[in-house]
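Q: Generate coordinates for the entire structure from the input sequences, incorporating the hints supplied.
Protein chains: 2
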Amino acid sequence: MLLENLLSERTRLIQSNAIREILKVVSQPGMVSLAGGIPAPESFPLPAIADLERAVMDRYGSLAFQYDLTEGFVPLRDALVGYVARASVSTTSEQVVVTSGSQGALDTLGKILITPGDRVAVEAPTYLGALSAFNPYGPEYVQLATDEEGMVPESLEEQLRHGPIKLVYLVPTFQNPGGRTLTLRRRKEIGRIVAENDLLLVEDDPYRELRYRGDALPAIHSFAPDNVVYLGTFSKVFAPGFRVGFAVAPEVVRRWMVLAKQGTDLHTSTYSQALCAEYLSSGELERHLPEIVEIYRPRRDAMISALEACFPPWMQWSDPDGGMFIWARTDSDLDTLKLYDDAVARKVAFVPGRFFFANPDDGRATMRLNFTMNNPEQITDAVHTLGELLAERE
Amino acid sequence: MLLENLLSERTRLIQSNAIREILKVVSQPGMVSLAGGIPAPESFPLPAIADLERAVMDRYGSLAFQYDLTEGFVPLRDALVGYVARASVSTTSEQVVVTSGSQGALDTLGKILITPGDRVAVEAPTYLGALSAFNPYGPEYVQLATDEEGMVPESLEEQLRHGPIKLVYLVPTFQNPGGRTLTLRRRKEIGRIVAENDLLLVEDDPYRELRYRGDALPAIHSFAPDNVVYLGTFSKVFAPGFRVGFAVAPEVVRRWMVLAKQGTDLHTSTYSQALCAEYLSSGELERHLPEIVEIYRPRRDAMISALEACFPPWMQWSDPDGGMFIWARTDSDLDTLKLYDDAVARKVAFVPGRFFFANPDDGRATMRLNFTMNNPEQITDAVHTLGELLAERE
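The listed protein sequences derive, respectively, from chains A and B.
Position 292 of the first sequence, counted from 1, bears residue number 292 in my numbering, the numbering being contiguous throughout.
Position 56 of the second sequence, counted from 1, bears residue number 56 in my numbering, the numbering being contiguous throughout.
The set of hints was computed from the structure by calculation and includes no laboratory data.
Virtual Cβ for every residue (Gly too), placed ideally from N, Cα, C.
No false leads were slipped in.
Selected chain B positions facing chain A (Cβ under 7 Å, derived; list incomplete):
hint	residue
1	Leu-7
2	Thr-11
3	Ser-62
4	Gln-66
5	Ser-132
6	Pro-136
7	Gly-241
8	Arg-243
9	Leu-259
10	Leu-266
A: Put into structure tokens, the structure is as follows:
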């Protein structure tokens, strides 16, 4: 049977995931992987989980295991109002939609917003998962320039002059993959641009709480609440296996998100949501967050020190205040895909940066290095190996 | 801001859910609802859940809380091979994709298969959730006739003469909403038709284990494994709040389902999947299933007795061997939407049947009655009330 013939036109837009193929080697024995984008398992509050489970059973009983509202479990939405206030996002329980991870929010937004051919503005580089969420809906991407201070506001205004933009997608804080944080000045400026131009901005903010130095910045949402969909997740502050994310959205967008999500998965796991609600309302998140930060901070510092010690002077890298990634690049004609093969042969993996660009050619000489999944010694050794391989290329 | 202007063309296809509006009254105090489509909370194996949680923590530790394969948690896919064998579905772990409820499978199948305008064949009546999953992808529905023995195979052959059919969607066992079960003879016949015509059939089988009399029938999948995507769920045999379903699919479909699902939600909750894996492999499902059946069987019997005692002779109803629903209809010019208003005034709710038809006009004189959510006395009283209201319409 030629089932291929049955595939929708849309399916051509779903790219067979090259990064997935490349990263298959990562699970080889002895590999030190700086490629992952996942939290360290030792950051999960496992000892607290049994207590949270008992509390959920006592408080909600069978309701925690039943079908529930598409919008999300009410006690979680209530608790999220206080949680997002930490990011200066002012909202009500009614404006919150719980999603199946941030990915679920991105898919739903793509579904209700993107007509094939619509222009969608993303940073260069941007989060790969957003591209894979939006791709089936047929966007045309326009790339926004980024520098040390994050996305360059003028590049958005420039793109607006070329035609309407359906949505703008940003990870303003400790960006994946760039590691950069949008400055306060630019947050205000971008808020002004989206409000003045009636744009819709998706502010994806998964890493906010993983801050190792400096002060928290307000979300762009706080400067343009009617034009920003704010996304968060429990994947980095609790555990990703629960698959719980959330959106705070303007009313029209919220309403259509709920209707679309009903067709996609009815609702997100009630039990996962109840555990997240209890994690917030019991104060366990507040208690546990500093422990997560103290796991990652020395790993970040070790990677920065190793980069300074081992990488050749013609490489540059970001110096993130938080998150999970450092971004390295060069103006030379380095091809990090070739470097990847050599690195894997020496049991070190990373992600060649091209995968994070809507136009992959723009990322030939870039690489993403994760510092959350290995201890400082492993990180130091792995960066040392990469430094040797880079030096051979001078 | 006119955010409405930003909505995609696709969003016009996502119907603002009329059934949702109608059912809002169901939560009024004192209402006896025969409208729900949900399992009784007393059917959940709550006492076993703490044991399953301990077993998951002991066996998998942090892996149960980490990001995982889009395909699904390997121990669950392994355990599902034996579970689907109960339905005569022969497969391997590699062919199984775990989904976020059956709804997640339906959305993913719609995404990878349906190009706007494609003809999708559904029963009349059919499962509403399938329509809401497929709608955003722009299908044109063709309705397949059903009778006491389930879908009429000749009506599929007839529709094939009018043009190609992208996929056929059936709930062959204890159908929602019709309550009917496709006979063995027709299962074989439909298997033959889809194989001979290179069709893709989605066999949605959520109710199979809720059998109150008679012998289990083999899935259509067993007669045409290369042409059938078999869907199952833990929602009716464990608890719906976990949002775990699964698909057994031909290789091309399986592969694209995984790629599409990666963009939709990365993967289904690892922790929910680990609990389902433990529920299967510990034998707790085998032990608990007869308890669920013994909750529902007397409720089904009470509803059938009450229909026989209280409904006028010009109404007909299905006499299901299992599942959660009885379907009532008449050839008279009854409008069950009007009946609904009167019933709600007397504190009884049901679902007017029009919502289950791709062409709603075909369902004016039909209604769906759920028997899982109330005890036999409540069911008897509610059917009595409906019988009185129907008698007034003679």
